[in-house]
Each structure stands twice: as structure tokens, then as C-alpha cells.
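Asks: Residue strings, one per chain:
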Amino acid sequence: MNGKAARSVGTIFFVLAALGVAALALFPLLWGLTTSLKPADQILAYPPLWVPNPPTLQSFREVWQQSNLPIYFRNSIIVTSASVIFALVLSVHAAYGLARFSFRGKAALMVGLLATSMIPGVAILVPLYNLAVHTGLYDKRLGMIIVYTAWNVPTLVWLLKGFFESIPAELEEAALVDGCSRLRAFYLIVLPMSRPGLLAGSIMAIMFVWNDFLIGFTLAISEQRRLLPVGLFTYISNYGVEWGQLMAATVIALLPIVIAFFLLQRFLVQGLMSGAVKG
Amino acid sequence: MSRLIISNVHKNFGPVEVIRGVDITIEDGEFAVLVGPSGCGKSTLLRMIAGLESISSGDIRIGERRVNDLAPKDRDIAMVFQSYALYPHMNVRANMAFSLKLKGVARREIEQRIKRAADVLGLEPLLARYPRELSGGQRQRVAMGRAIVRDPQVFLFDEPLSNLDAKLRVAMRAEIKMLHQRLRTTTVYVTHDQIEAMTMADRIVVMRDGVVEQMGGPLELYDRPANLFVASFIGSPSMNFVAGRVATDGEPRFLSDSGLSIPLARLPAAAPGRKLVCGFRPEDLRLGEGGFGAEVMVVEPTGPEMHVVVRAAGQELTCVLRERRNIVVGENLPLRPVPESIHLFDAETGGNLL
Amino acid sequence: MTAMSGQDSVAAPPSRLAAALSAHGLAVLFIGPAILLVVLVSIYPVFDAMSLSLYATKYAEKAGFVGLKNYIDLAHNPVVWHAGVNSLVYTIGSLLLVLPFSLGVALLLNRQSKMQGVLRTVAILPWVVSQTVTALLWAWLLNADFGPVTYGIDAIGGVRTAILASPTWAMVALVGINVWSSYPQATLLMLAALQTIPRDLYEAAYIDGAGPITSFLYVTIPLIRSTLLVVVIQLTLLYFNMVTLVYVFTGGGPLASTETLALLVLKISFESWNLGQGAALGLIVTVINLVFSLFYIRTLGRPKG
Ligand SMILES: Nc1ncnc2c1ncn2[C@@H]1O[C@H](COP(=O)(O)OP(=O)(O)OP(=O)(O)O)[C@@H](O)[C@H]1O
Ligand SMILES: [Mg+2]
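Protein chains in written order, with the working numbering: chain W, 1 to 279; chain Y, 280 to 633; chain G, 634 to 938.
Please note: incorrect hints may appear among the correct ones.
[As the list claims (entries may be wrong)] Pairwise CB distance ranges (calculated):
| # | chain 1 | residue 1 | chain 2 | residue 2 | range |
| --- | --- | --- | --- | --- | --- |
| 1 | W | Gly20 | G | Pro855 | 27 to 33 Å |
| 2 | G | Pro855 | Y | Ser441 | 36 to 42 Å |
| 3 | Y | Pro367 | W | Ala17 | 37 to 43 Å |
| 4 | G | Asn710 | W | Leu142 | 54 to 60 Å |
| 5 | G | Leu673 | W | Leu263 | 53 to 59 Å |
Quick caveat, the hints were computed from the structure, so don't treat them as lab data. All C-beta atoms in this analysis are idealised placements derived from N, C-alpha and C, irrespective of residue type, glycine included.
Please build the complete structure, drawing on both the sequences and the hints.
Replies: Put into C-alpha cells, the structure is as follows:
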């Protein structure tokens, strides 16, 4: 085979493989989407109908107006934003302290922090449940917020510490000479310069909290405190399987995170990659 | 009055003492240059003046104030860093305005000061740009603009030109000097480049290993180096050195260990009997009888003059000749150092005996 | 040499000790709260679990010290061993599929092409989808009566199967959706590693006579080795500790065929409400995690050459 032919065979193979991967990634999502847009009688059809005809928002209306989905949605929004903001505030300061101050035991502290992020969540669910019950935080949004905050801190600290260390000390020194205190130099110079790191950290933390099932499942019991993933799960048992409504609820749960993903994709990739350094 | 006084300053990093008792007074409006080989403590000393390093012992005063325990922001200084340290998330205008805003200067006043500084440095067209959109020379200028808008008591520069190419460096050198002549602000400028020191300084401070070797005007240091180190550090091409002793017969004449005989103008009292080093600058090695013969090894015409490396009695010497004469490699030249310009150093202490 | 003049600044200068202390104070102020929270929410519970695992429990309360009884009961329970085997099958099966697949996708994404940006976005999309949603979507895709995958198998093979009702096929499906859900993470890490390989190296190999396969084996693989190790460790831990995907997708069934150790922790704790035994099994899972990590680091992490 000559070089040109080999190359065009390669290109064909590449295109086919790319289409295959894209189809595999998209098909389940598209199937969920079309189901959510189908009129009730087209959902339960065999052979399956690929395209809703005509598309309808009926399922969305039903699930939004007749189930507790709006409550779950609201809870998830509150818990996610609060815990991500708290985690960022705590981590930003801790990471800066670890990046810029030297003291004995710092390396051990960093490793210890990393080690805690390797404790399997399921192994400490029971003690966390106990702790929540005994502190009165069971079935409270605050209890879940605290746990999610803490679980995000180690990764964020590692990520942000790397970012802060990559900012030349000279910039901070210039700010000191220009009239900043240490604290101000941090807030006015270092933080704004770490925007990509902050965004990467935020999107990773948002994804984690928004998507997590276990904490919402163990630390809350009432409908009023239920988070979206738990709500989706219990949906099946409570209403029997109304696939149209379930898929509509799924689409609603996916929407915010997919939007955030498209907006912050760039930073997310960066964040994951710097996470690779820690192993 | 913004005289800068550094008295008996020491600095330790853990067990290592990197500044070992430095005394310098820089007069109001003076342009002082700290030079010395890499690692001698220039940056450390400058950063102590700025307040970025603590002072282990001794005092630093700016004007009438002892500043040892003041934060950098309270010292009324401005600093230009080697990397310029421009804030990447602020445009040029915001970079220059930053310190003034922190000080609470009124907006109108800030605008005026920025305008004035931009005028001086030709920065108007760049004010809205971000640092990443500037060339190296432009960044350098912005860094200076950021310093001068503050109208501080003292300017500090740490090798501000070392990231520029050779031509730009010469241009900026002149520009900084003109700026200083205009503003007359007390300035401390760190460099390891002795040409920069010679061309810019009112006063040069030569440092080595954390101590000051000599202080003085450029020509003073050039013509009367206090010791071997300063003599070898200042001047390019650097001074020729020959080891030996003075003649024992009382005649003012230096006899090198390698066998050269060099006539002197006079004989220092302390010279006889000691091991000495005789030093003479390349331009003081002239063509002429009465000295020694030397074989030409390399000829480097620069235009106005000719740098010639010769070998005399097994030792390589450099001379700079003004004569437009055809010199060929391998030729034997009669050479003689100008007796009045010769330095004699004590080989043990390095001190200049003349 | 210098005449000293002028008086010290009027405001009493803080002593150097105070300055040092305040830098120290700032560090404590910055680092302290985060550490405190992590200790409280991640470290204290581990010790609490240790203590709890030595007690019989009644709901959330300890009901008498029983020593190692919880551990011994677990060791004698065939359900636990069965779950252990399931965990191994699930973890190893997923790894065997996901590694070549994600590397393949990474190689695709590393190729220069106009579609690269779009392709990357699409290829890593499953990563954003939560495990709950993944499980629900696929449960619907595999639905025995109306699922398009069921229809596909029917159309090609002529049999209409209830995949999630068969113990074997349920595990296969679980492994499959696990791969779907987790390959993007592996792909991104591998892609990052691939992109650090300088183009020159491939050109040099090409000049030396290497074809695409040779240069893949002798240039690519050795250079992304350490990343592969990271990926393997991350994924092993992810799979071994996986609860949500399994719980929502199959609930461990049918006939406990997909019940893994991690899932069993959840079930013992919050379905049987045996918190002491749940804590004990949770700790066992944690220890297995540790052993995995150390094993991988020692065998695969040896410096090359
Ligand atoms: N933070 C520090 N900790 C320990 N030693 C230091 C520190 N900063 C500087 N030093 C040491 O102090 C000495 C002086 O360093 P300094 O940076 O002042 O040198 P310099 O004269 O500016 O050199 P250069 O021309 O290379 O910039 C060096 O030996 C350096 O290793
Ligand atoms: Mg320096």
C-alpha cells in the first residue's frame, strides 16, 4: 500500500471510530430526551419509536406540577451552592497558607489531607449518620452542606495550592511595595489571578455535590429535605414507573449540570489534569 | 530629605550569613548602583531596604525614619522587579493606578499622575492594554511608570534590564538615567553588569560575599580600585595582572615571576620584600620601547580601537590600541605599560599599595 | 562610617517576634478551619466506625460491647464472600474493558482534526451524567418490554431477553454501563499524557523505521506509563467502592448476582439497620482499598529501566 492510500484508509477509520464513540456517548442521553418529549401512548411502543411525533411537553408539565420534583430541585440548588461556596472559601485560604507559609509538618499535612480524600464514602456513612442524629443535623440541609463542604476540601486544597504556587512571589512582593498588606495582596492579586483554578475547582465541586446520591440518601429522610438524585431514585418506587415523567425529571436534573459543563469545560479538563499530579 | 542610610546591617538565612555588616549612605537624589558577582547579596540587601526581607541586625533609615520594622507599604519606596511583576489581570492604567488607589488618592489626582508618567515614558497609547499584549521593552517602561506615579522617596531597581536584548538595554539605560536627572529621586539600582554600573551611577557600591569592597564614583573606582577584586571586576576588557616583586636594587621597577621587567613611576614604601601583583589596564599597555617584547596571538578590531591578545614570557595580556596600524598574528610587538597608571597590590591581602 | 541622625519613627514598631507570630497566626487562621472540618467529618468518623464495629447496635445506639463478633459474623457469612467475588468480577471486568477503550478514545482525541473540539466535548459527556441518572437511563434502554437495546437484540438475534432478570447478563450490563459512565475520566487523563509527548519523538521513530504500531508500543506506552498507573489506581478504587450505580441500576439483584461488598455495607447498615456490622464491613472495605493502592504502587510503580 502506498502512503497516500494508507492515509486515506486511516482517515476513514478515524471518522468511523469517532462517529462510533459519539453515538455511544450520545445515544442514551438522546433516548432519554426523546422519551421525555413523547406523548404517553408513544412511550410504551414496541418496536420503539425513535422520534416523538408530535413532540410534547406533557411529561415535563406533569412531573413539575404533580410531583415533589421542584422541592428536590430547590434543595439540590441550595445544598450545592452553599457547600461549594463554603468549600471554596475554606480551601482558598488553606491552600494559600500551605502554598506560602512554611512550617514543620506541612508535607505530612498535605499527605494526610490527600489520604482523607481516599477514605471510601460508604465506609463512614454510618458514623456520619450517627453524628448527624446526635447533633440534631439529621434531615437538615445544613447537615448535608457540612459533609459536602468537608468532602470537597481536600481536592480543592490540592488543586488550588498548585495554582497559588505557580504565581510568582514577585507579584505579591510588588503588591506589598505598592501598599498592600499580606492579606490584601492575597485578595487583590493572587485570587483574581487564580480564576482558572477557582473555576476548575468550582465545577468539579459542583458536579460532585449535584450528582452525589449517598449523603442525601443517608442524612435526610423527609420529602422536604430530599435532594434530586434521591428524588429520582425514589420516584420509581413511589409512582410506579412512569417512564415519560421519569425521563423528563432526568432531563431536568441534567440540565443545570450540562450547562455548567459546556460553560466551564475548559477549566474542568484543566482541573482534572492537575488532579492527576496527586494521583 | 530622603537620604538612605544603611548601618551595620547583617542578614542571616538560618545559619548562613549572607550580608555581613554593610554600611552605606546614599545622599538625597543620588543614583547608587550595587554591583558584584552573582550571589554576593545585592538582591538581598535591596529587598531588605524594600522591607521584603527582615533585617537580622543593624539599621536602615529612609529620610529621618528608621524603617526596620515598617511594612513595605509604609516605607514610601517603589520597586522595579527583574520580571517587572506587572499584574496580569489589570491593564496598564490599572497597574499604575493600583498603589495610588490603595493610598486613597483622589481619582482626579490619580488620572493626572498617570497622565504625567505616561507622558514621560511615552505610554499613552498603551494605557488600555494588558501586560501580555506588550513587548519586553514596553513592559519595562510600564514597570517604571508604576514606580514613578507614586513619587516615592526612594526608587529600588533589581536588574531591571536583564531581560532585554542588548540594543534595547543600552537605550533603556540612557532612558532611566535621563528620568533620574529629571526626577532627582534617590535611587538604588542593582546589577551584575559593571558597564551598566559605570554608565549610570553617581556612585557605585561594589559588593562581594556580603560585604562592601569599595564605594565611590565610577571613575574613582576605575582609576583607584581599592583592591584586586575591584580592579578585576570593574573595566572591560579587564585589567592585566602579573605576579612578582619589586626590584631589590632600589630602582622603581617591577620584576614578574615569569621574567618581565616593568618600569614604575615610583616605589611604594611598603612594597620591597613582599609578594605583589602588578596590574595595568589594557589601554595603558602601549606600543613602545623600554618594556618587554610580546608575541601577538589574537587581533580583534572593534572599529575605534583594536583589542590585541599577546603573550609575553608565557603570560597572556590584553591591550587596547588606538593606533591604526596593521598588526598580524605572530608578530613581535614592543610593549610598555604607562608607569603612572600601574597599580601594585599586596598578593596576600589584595590591598592597593599605590 | 555613617553618621546616625534623626529619631526612630514615632509609632512603636512591632517587635520582630510579634511580626513572626502574626505571620504564624495568619497561617493558623487560614489553614485551621479547613483542617478542623476535615478532621471532624472525615477522620473522626473513621475512629467512630472502629469503635462502633466492636459493639452490637440497636438503631443508632450502641447496645453492648461485643469485641470482634461483628467481624467474625461477617467472615462466616457466605453472603459476604459472595459479594466479595461479585466485587472482584465487577472491578476486574470493568478495568479490562475500560482501559483499552478509554485509551482508544484518547488516541482518537489526540489526532489533529477539525472535529476535535466537538468530538472531545461529546466523548466526555457521560462524565457529567450522575451515576443515578446513568443507571435510570440504561434501565430504560434495557427495559425488557420497550427498551431500544432489547429491540436491537431482538432484531438481530431474534430473541427478546429480559437482560436485568438474568443473573449473568445483569452483571454484564452493570459492567457495561459502568464503563460508559467512567471512561471519560480515564480518557482525559490519558489524553493529557499523550499531549505531553513531543512530536519530534514520533518523527525520530519514523525516521528510524518504526511504523504506527511499533511507535505506539515503544514510544507512546512507555511515556504514558505513570499516567496509566494513576488511572488504574483511581478506577480500581472507584469501582471497588461503587454503591450508587449498582444500587439504582439493579439494587444488587437479581438473586444478589450484582451485590458487591460496598453495596452490602449500605444494605447491612441502612436496610437491616445493623450499624455495628455495617461499620465493620465498611472498615474492611477501607483496608482493602489501602492494600490495592499499595499493591499497585509497588508492582506497577517501579521506575522503568
Ligand atoms: N530565601 C533564602 N534562603 C536562603 N538563602 C538565600 C535566600 N535568598 C538568598 N539566599 C542566598 O543569599 C545569597 C545572596 O543572594 P542574592 O539573591 O542577594 O544574590 P545576588 O547578589 O542578587 O545574586 P544575582 O546576581 O545572582 O541575583 C546567595 O548565596 C543566596 O543563595
Ligand atoms: Mg539578584
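Asks: If you test the structure against every hint from before, which numbers come out violated?
Replies: Of the numbered hints given earlier, those the structure breaks are 4 and 5, listed in rising order.
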